[in-house]
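Asks: Protein chains in written order, with my numbering: chain A, -14 to 690; chain B, -14 to 690.
Simulated from the structure, these hints should not be mistaken for laboratory data. What you are looking at is a predicted structure, and each value in this text was computed from that prediction instead of being measured. Just so it is clear, CB atoms sit at the ideal spot from N, CA and C, and this is done for glycine as well. Any given hint could turn out to be false.
Claimed, not checked - Dumping the calculated DSSO-like pairs for lysine-lysine here, alpha-carbon to alpha-carbon at most 27 Å:
hint	chain 1	residue 1	chain 2	residue 2
1	A	K374	B	K131
2	B	K373	A	K131
3	A	K131	B	K374
4	B	K131	A	K373
What the hints assert, rightly or not - Facing chain A, according to a computed beta carbon distance under 10 Å, are these residues of chain B, among others:
hint	residue
5	R24
6	P25
7	T26
8	D35
9	T60
10	E64
11	D96
12	A133
13	P371
Number of protein chains: 2
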Amino acid sequence: MSRNNRPRPARAAAATGPDVRTSVTVAPVERVVQPAPVRPTPIGRIPVVDVSPTLEQGRWPAKAAVGEAVPVRATVFREGHDAVAATAVLVAPDGTVRSTARMVDVAPGLDRLEARVAPDAPGAWTFRVEGWSDPYGTWAHDAAVKIAAGVDVELMLTEGVRLLGRVLAEVPLAPADATIVERVRASLADTRSTPQERLAAALSDEVRDVLVDRSPLRDHVSPSADYPLYVSRELALAGAWYEMFPRSEGAVQDPVTGAWRSGTLRTAAERLPGIAAMGFDVVYLTPVHPIGRTFRKGRNNSLEALPGDPGSPYAIGSADGGHDAIHPDLGTFDDFDAFVARARDLGMEVALDLALQCSPDHPWVTEHPEWFTTRADGSIAYAENPPKKYQDIYPLNFDLDPEGIEAEIERVVRLWISHGVTAFRVDNPHTKPLDFWERLLTSVRTTNPEVVFLAEAFTRPAMMLTLARIGFQQSYTYFTWRTTRDEITSYLAEVSGEVGSVMRPSFWPTTHDILTPQMQHGGEEIFAIRAVLAATGSPTWGVYSGYEHAERVARPGAEEQIDNEKYEYKPRDWAAPEAARLTALLARLNEIRRAHPALRQLRNLTVHGTTNDQVVAFSSHLDGAFTPDGRPDTVLTVVSLDPWGPQESMVDLDLVALGLAPADDDEPRFNAHDLLTDETYAWGRRAFVRLEPGRPAHVIEVKHA
Amino acid sequence: MSRNNRPRPARAAAATGPDVRTSVTVAPVERVVQPAPVRPTPIGRIPVVDVSPTLEQGRWPAKAAVGEAVPVRATVFREGHDAVAATAVLVAPDGTVRSTARMVDVAPGLDRLEARVAPDAPGAWTFRVEGWSDPYGTWAHDAAVKIAAGVDVELMLTEGVRLLGRVLAEVPLAPADATIVERVRASLADTRSTPQERLAAALSDEVRDVLVDRSPLRDHVSPSADYPLYVSRELALAGAWYEMFPRSEGAVQDPVTGAWRSGTLRTAAERLPGIAAMGFDVVYLTPVHPIGRTFRKGRNNSLEALPGDPGSPYAIGSADGGHDAIHPDLGTFDDFDAFVARARDLGMEVALDLALQCSPDHPWVTEHPEWFTTRADGSIAYAENPPKKYQDIYPLNFDLDPEGIEAEIERVVRLWISHGVTAFRVDNPHTKPLDFWERLLTSVRTTNPEVVFLAEAFTRPAMMLTLARIGFQQSYTYFTWRTTRDEITSYLAEVSGEVGSVMRPSFWPTTHDILTPQMQHGGEEIFAIRAVLAATGSPTWGVYSGYEHAERVARPGAEEQIDNEKYEYKPRDWAAPEAARLTALLARLNEIRRAHPALRQLRNLTVHGTTNDQVVAFSSHLDGAFTPDGRPDTVLTVVSLDPWGPQESMVDLDLVALGLAPADDDEPRFNAHDLLTDETYAWGRRAFVRLEPGRPAHVIEVKHA
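Whole structure, please, built from the sequences with the hints as guidance.
Replies: Right, here's the structure in full:
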């Protein structure tokens, strides 16, 4: 906990402050949410309980993406010993049943059943689980046992004939299936055959395909409630993000005077082909708005800015405008539109930072003083975390005029959407009221369901999870601080588990705010290692520009870059030889992600055992029912965590999780094709690996026979 | 799992069969439960999520008993750094707020808050959690930090004055409290004092008692939904049960002919003073109804009954009547009424077995053939678990005439209630539909909330839990099969944890159906050990008659008594010397339970560490706010699991869980008064114990200073 709960030292001290701590002003507006009454629902004839994924029984919708194989689970059982079964039913926004899937037991003894269903369009879907009594299953079991024991032989066969008569009368069968059932019923009734022959006909695979899989006879069908499942487009779940400060790209320093000329949106756009060549899906821009002058921070977060220091783009607002304006140094809305258009031409989208804080020079401060806390001495409260002061930031006080503030922020968001922004990286959402976010995101989603909001909340679990519950499509995570094998594997299992239907993770090895000790000290190699982990461990991942160069010098005493780009221009030489290896690796990782749909899903990850705690192994598997080409897709990542030397390990592979048959020996069972090196190995349930600097990872395509 | 999932060998093979496995008959009646719609509720200004105890967000009520200290929990947090707090609100059935309690953080970093509330009457209560912003907490923190740092000193003091002005204007204070706040506001404003003095006045315990505990100023109060909490009388949670076969008590065998004369309800009543003297609360009678003759089972579950064999009381129904009749050998309803009256005079209640199965001779078979499954050959289906047959039992088929069967069973239940039965031990509830039980229990509860239904379901967890969800007040448990230290302690933690608001455990060392290998082979000593574990580990426990004699010879190949009382008369000599020790122990354990309210609560148990895996330690603690005399009550049990020899162990005591202050050394901290031996020890956080056959346990009253 301590690692994640600590305040974010650099950013907090820079431009992003906590909200102000002065609460003596009475909030004039109280909007108490009147919770809906609880819903008593009696048990059904066949009990169906603990349906998943649900958030407080439908208080909020669970999340899915188009094409995502959503695991629907429920505890379904019945009295006595008769056969019980369950069906997952997926219902499209228009109310029609889109697909059904018979559920299978995934926790023997616990009556926990699961099926996967995949919505095929965005919108407000629902799903339910139907428990039912399975008369064919009951009869098949009893008849097999009793006829083998010579008990009630003719009686059981006769009851089988009656059962198939019910099937023909009650189940709408396809004509071919009806023919099968008719024929089997005749065989069952044919006393010229032996009882064993008659029984065998009724238990054949042919019949089971009809009565178990395609068209079962279902008695006492008992539905659960219809639970909401909000389906977004694929980018909400899967994508590769690239962060940049647009002013750095094309910034030029006068060699004589040392004065800088800012990069512009036009010069920044020249970088887009390079980003696209690395296979990224989203270009995320730090704030592009005018920057305040009052209490502007200088280089390395110094309290006094020197002339020419551009200031932090997170200190938003000046005489040139606020959140609805573009910094004059960067250009105009036309330039912004051109940037977005160029990105789109290259197959990318543009995400914008949404940092809801104001410099003292923000137009809102004079136009809407009622949005800010006034202290007892008449001054406007700046941000502070006593005794620290952040005088360059005035936080909005959402309680003073919620409707006014919310309307204005929604106007700002919609303005940028109208200029082609399709995603927002939301800065510190956990310092603003959650009910505000829920109303804003709900409203935007109604008209613009394509827009993705990524929550940048590095804080305690309850807040992070609840931001996801109320509508953020994606969340930054603790990935950055998970560095040991056990930390990494348990975190991968966690984010891809039940919580994966609520909080979609975004894995970032670094950000402009975060440079962990591991990244500071592990050389270029650790940048390669963490890129492999992020790109294959989470369907959404991202890097901050300069990752190509393994930029890793920290400001002393801080876990962020020295000479942080937040306070100065930082043009980079993309063609520099030292950027070549990581540039190529990022490109290859994104190429692999595009080729392998299993890597673009979340709830399909399995951790595999390793005998060396410096080696991590995990895989993602997608059944052929959910892939574009109908073939199963399986990718297995094996990574060394040691940037300094070779590591050897045995990997204990869960073959079933790889989509293979279980094995009881160590003989080779599949071809392991390394997508990074193009080498292929013959691997079984125990594989040996040797990894070393220069080639710290296998990213294995499991070749199914 | 395997242990608990196995079929119950003896009983199942005897008189209780699984329901019949023939499902080809179409159920003519379908009553599909239409689930209530899910309830979208937006987040509140102060988020309150994951409220507990709730069952699927109020699909069913959580359970509590009168006087039970119910732990109400919720995850409550807020944006930014201002202070947040929460209140648990308990609402009586008439809608009035009965009590409120400020919640405290029980999982630092996870924002999980808890308070205990105790309903004081039976009925349909509700509770909610209110999250709120705490302006006094925010100001007190900030003022302390800033004034110490010399920042904004006068400003913070002025804001404090304003804050206390708000308190006086907005909070309905008791006059004495208002006086305190007035005085402190004056001190805060008094510039003749130092800032430190002025601040100290506003942070004094006196003020905190008002503004933190009694009458806080609460901003942005954000309520959760109102969740149902069904409150039963204390016996639903806590009681000591004693099981007997009434026909055995007073049964006499003719020494010449060997023929038996059955005991009667009148002779059985003569045993009641002895049971009362051992301190039991409930006398539970196995079925008292006429017993079938067709396919009657003989001694030791033999297929052929000999003349004079009385048959199993679980094969219910004969020409003499069914579930609404009394076996002529036992007597009449007048005799039954007299039995109940005698028990009541002795301070006990009477529980009756409710075993919903019919012998072929049951009147329902001829009067309501439509309640039984007819097979293809026209015969009535008997119970079977293919290829096994239980021809002495016809199971009811609830799907054929649910209304008719349910009305009749409710009539039977109400008949016995009218004769003074206040509890039912329900035989094999998991072989009947759960929707039937829910309707029956709901209906009975409406008119007779005092009646307790104990579910005898030894089966898989989902079924056992769901029987509790739908209304069974108590449940038999896996206690009987938990024998090692780790099994016992993890099970104690489980049943007293979250699930304790759903499923109330009843611990039985043996029953007439169950004699585990441990009990067969551990001698009298193991009977003492398991009695201590059951009586102090669960608020409800029970024994089967003959426990006094440590009856422990099993029928070969079975885990039940040889010469099982189910099939024969078994009179016992209660004054026999070999019964003296356990008779006295049972009496003492029940005496201790009556004297110590902590032992009659469930969700207050803590497991303590031991250095010897043959020694178990756990305690129950009840805060003085919830005890009759207002003093905290704490009982600590330390038991050896070894019936053969001495065992020594250190016990690592969680002093806080015992209601004591934490300690950082091993010095004695409290007097440990052994309620079994009347010895007293001086114990600290590490205690040494030596236990041995003859005195295998300490039951320690923790003497609070």
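Asks: Decide, hint by hint, whether the structure agrees.
Replies: To see whether the hints hold, each was checked on the structure:
Straight-line distance between C-alpha atoms of K374 (chain A) and K131 (chain B) comes to about 11 Å, which keeps the hinted pair within the 27 Å bound. About 9 Å separates the Cα atoms of K373 (chain B) and K131 (chain A), which keeps this hinted pair within 27 Å; it holds. Simply put, K131 (chain A) and K374 (chain B) have alpha-carbon atoms about 11 Å apart, close enough for the 27 Å limit, and the pair holds. As the CA atoms of K131 (chain B) and K373 (chain A) are separated by approximately 9 Å, the hinted pair is consistent with the 27 Å bound.
For R24 (chain B), the interface hint holds, the least distance from its beta-carbon to any beta-carbon of chain A being 4 Å, beneath 10 Å. Because the closest C-beta pair between P25 (chain B) and chain A is about 6 Å apart, less than 10 Å, the hint holds. Because the beta carbon of T26 (chain B) sits about 5 Å from the nearest beta carbon in chain A, less than 10 Å, this interface hint is met. Proximity of D35 (chain B) to chain A holds as hinted, the smallest CB-CB distance being about 7 Å (cut-off 10 Å).
Given hint, T60 (chain B) at the interface with chain A, holds; its Cβ is 5 Å from that chain's nearest Cβ, closer than 10 Å. Restraint check, E64 (chain B) versus chain A: the minimum CB separation of about 5 Å is within 10 Å; hint holds. Among the interface hints, the one on D96 (chain B) holds; its C-beta lies about 4 Å from the nearest C-beta in chain A, closer than the 10 Å criterion. Of the supplied interface hints, the one on A133 (chain B) holds, with its beta-carbon coming within about 8 Å of a beta-carbon of chain A, less than 10 Å.
For P371 (chain B), the interface hint holds, since its Cβ comes within 10 Å of a Cβ in chain A; the closest pair sits about 4 Å apart.
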